[in-house]
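Participant: In case you want the letters, here they are:
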Amino acid sequence: MQVSSDQVWAWLSALPDPEIPVISLVELGVIRGVAWEDDTCVVTVTPTYSGCPATSMIERDIEAELKTKGIEKVELRRQLAPAWTTDWMTDEARAKLEAYGIAPPEPAGGPKRCPRCGSEKLEKISQFGSTPCKAQWRCIDCLEPFEYFKCI
Amino acid sequence: MAGKLDNPSLFEFLLRMGDNTLILGHRVSEWCGHAPVLEEDIALANTALDLIGQTQMWLGLAGEVEGKGRSADDLAFLRDAWDFRNALMLELPNGDFGQTLMRQFLFDAWQVVMLGRLMQSTDARVAAIAAKASKEAAYHVERSGHTVVGLGDGTEESHRRMQEALDYLYPYVGELFVSDAIDTAVAEAGIAPKLETLREEYDALVGRVLSAATLSIPGGSYVHQGGRDGRMHTEHLGHLLSSMQWLQRAYPGCEW
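Chains A and B, in that order, are what the protein sequence lines are.
Position one of the first sequence corresponds to residue 491 (our numbering), numbered consecutively onward.
Position one of the second sequence corresponds to residue 106 (our numbering), numbered consecutively onward.
Treat the hints with care, as some may be off.
Unchecked claim - Under the rule of at most 27 Å between Cα atoms (straight-line distance), these lysine-lysine pairs were calculated in the BS3-like manner:
(1) B:240 / A:614
(2) A:614 / A:586
(3) B:109 / B:299
(4) A:611 / A:586
(5) B:173 / A:602
(6) A:614 / A:602
(7) B:109 / B:173
(8) A:586 / B:240
Unchecked claim - Footprint (simulated), chain B over chain A, 3 or more residues, beta carbon under 8 Å:
(9) 554–562
(10) 614–621
(11) 626–634
What the hints contain is simulated information worked out from the structure, not anything from laboratory work.
Backbone N, C-alpha and C define an ideal beta-carbon position, used for all residues, glycine too.
Given these sequences and hints, build the entire structure.
Facilitator: Printed below as a string of structure tokens:
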């Protein structure tokens, strides 16, 4: 079955990131291209961090989803350049992250406000967090620790 | 003007890059579950993960360039000690937390300078890996640099340990800046910078951090060498490999 690339993009837009399920893979910015080569649907994916274990899960999810939709031949291609950047994350995705409790990436290198109470009095707990893309911060006002999506 | 480079030289160069990150990545991963506090444990594990990810890119390309069908995994798990091309400093045992972070800083600083130059490589594949890895290296050096300053300019005890770590590790730093015939060929082809040309930027960065850490670079010009060309590894590499490669050696082809 050969559907339009737009249709494939629409399907992929509904696929959640395996570790941050409130945003889709398209919103995360890791899907860099969808194209047909003869009867094969080629999806180009760029990793967020080079060692991120979610990358192979993401590829499996894409393949499984497109096969469920009736595409028989799916090929995943990894592309390194241009290197993934949090600049590719859409505004909607940033808002969804914050609503989920993860402070979105900021060019300043740290979160703007606490995703729970909105306070701007924050302190860094650790430059790293539960996944390669996150760091740990704490709100000095409500005292809740929270995750911050690192800006790269 | 970029010259031509034969594949065996490029393969060697890629092994040197990939074995550095593989061996250090493995060493750092040994801290998983053992760090002094939870946050540092997570930070060390994440650093190791980034380094292993970079290894996959370098050794993946190495296997491609070699053209014998070897994957990054084959190169990592099925070579013996004499085929490894990492700098000696990276295979040394971790020592205490301070020594681990001192080594991390000394290597991160080199990575930042080296990867910055490799982004201009005439080989687009090398430039792409460098661009990806340099973002991670920049993050690593920020953390390792801060930790070196925090511990160096910390208590009497932490200062003493950091100075000892620096005295022990510094004679291994020089190996990262000595070019042999392979490095020269790679540099002449415009694929990588001549290693000696990284030294000034490296010394400035390292000097700034160590001075803030109230630590002094030891005198003496002796340089331990033999890892990058595989001539003479330390006795520690074999022990590291026996642990890292055990599963693939005992159960060839095992996947999980």
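Participant: Going straight from one Cα to the other, do residue 240 of chain B and residue 614 of chain A come out at no more than 27 Å?
Facilitator: OK: residue 240 of chain B and residue 614 of chain A at ~20 Å, within 27 Å.
Participant: With a cut-off of 8 Å between beta carbons, are at least three residues of the region 554–562 of chain A near chain B?
Facilitator: Our answer is that it is violated, as 0 residues pass the Cβ test (under 8 Å) against chain B, missing three.
Participant: Mind checking the alpha carbons of residue 173 of chain B and residue 602 of chain A for me, to see if they're no more than 27 Å apart?
Facilitator: The given pair, whose Cα atoms are some 51 Å apart, is violated under the 27 Å limit.
Participant: Between the alpha carbons of residue 611 of chain A and residue 586 of chain A, is the straight-line distance 27 Å or under?
Facilitator: Holds, at roughly 22 Å.
Participant: Between residue 109 of chain B and residue 299 of chain B, does the CA-CA distance stay at or below 27 Å?
Facilitator: The hint holds at about 16 Å.
Participant: Taken at face value, is the distance from the CA of residue 240 of chain B to the CA of residue 586 of chain A at most 27 Å?
Facilitator: holds (25 Å)
Participant: Are at least 3 residues of the region 626–634 of chain A within less than 8 Å of chain B when you compare beta carbons?
Facilitator: Violated, because only 1 residues of the region 626–634 of chain A bring their Cβ atoms closer than 8 Å to Cβ atoms of chain B.
Participant: Are the Cα atoms of residue 109 of chain B and residue 173 of chain B separated by 27 Å or less?
Facilitator: With a Cα-Cα distance of about 21 Å, the restraint between residue 109 of chain B and residue 173 of chain B holds, given a limit of 27 Å.
Participant: Tell me whether the statement that chain B covers the region 614–621 of chain A is true, taking a Cβ distance below 8 Å and needing three residues at minimum.
Facilitator: holds (count 6)
Participant: Check the hint pairing residue 614 of chain A with residue 602 of chain A against an upper bound of 27 Å on the C-alpha distance.
Facilitator: Holds. Residue 614 of chain A to residue 602 of chain A sits at ~12 Å (cutoff 27 Å).
Participant: Would you check the hint for residue 614 of chain A and residue 586 of chain A, treating anything up to 27 Å between C-alpha atoms as holding?
Facilitator: Holds: residue 614 of chain A and residue 586 of chain A sit about 22 Å apart, inside 27 Å.
The earlier numbered hints that this structure contradicts are 5, 9, 11.
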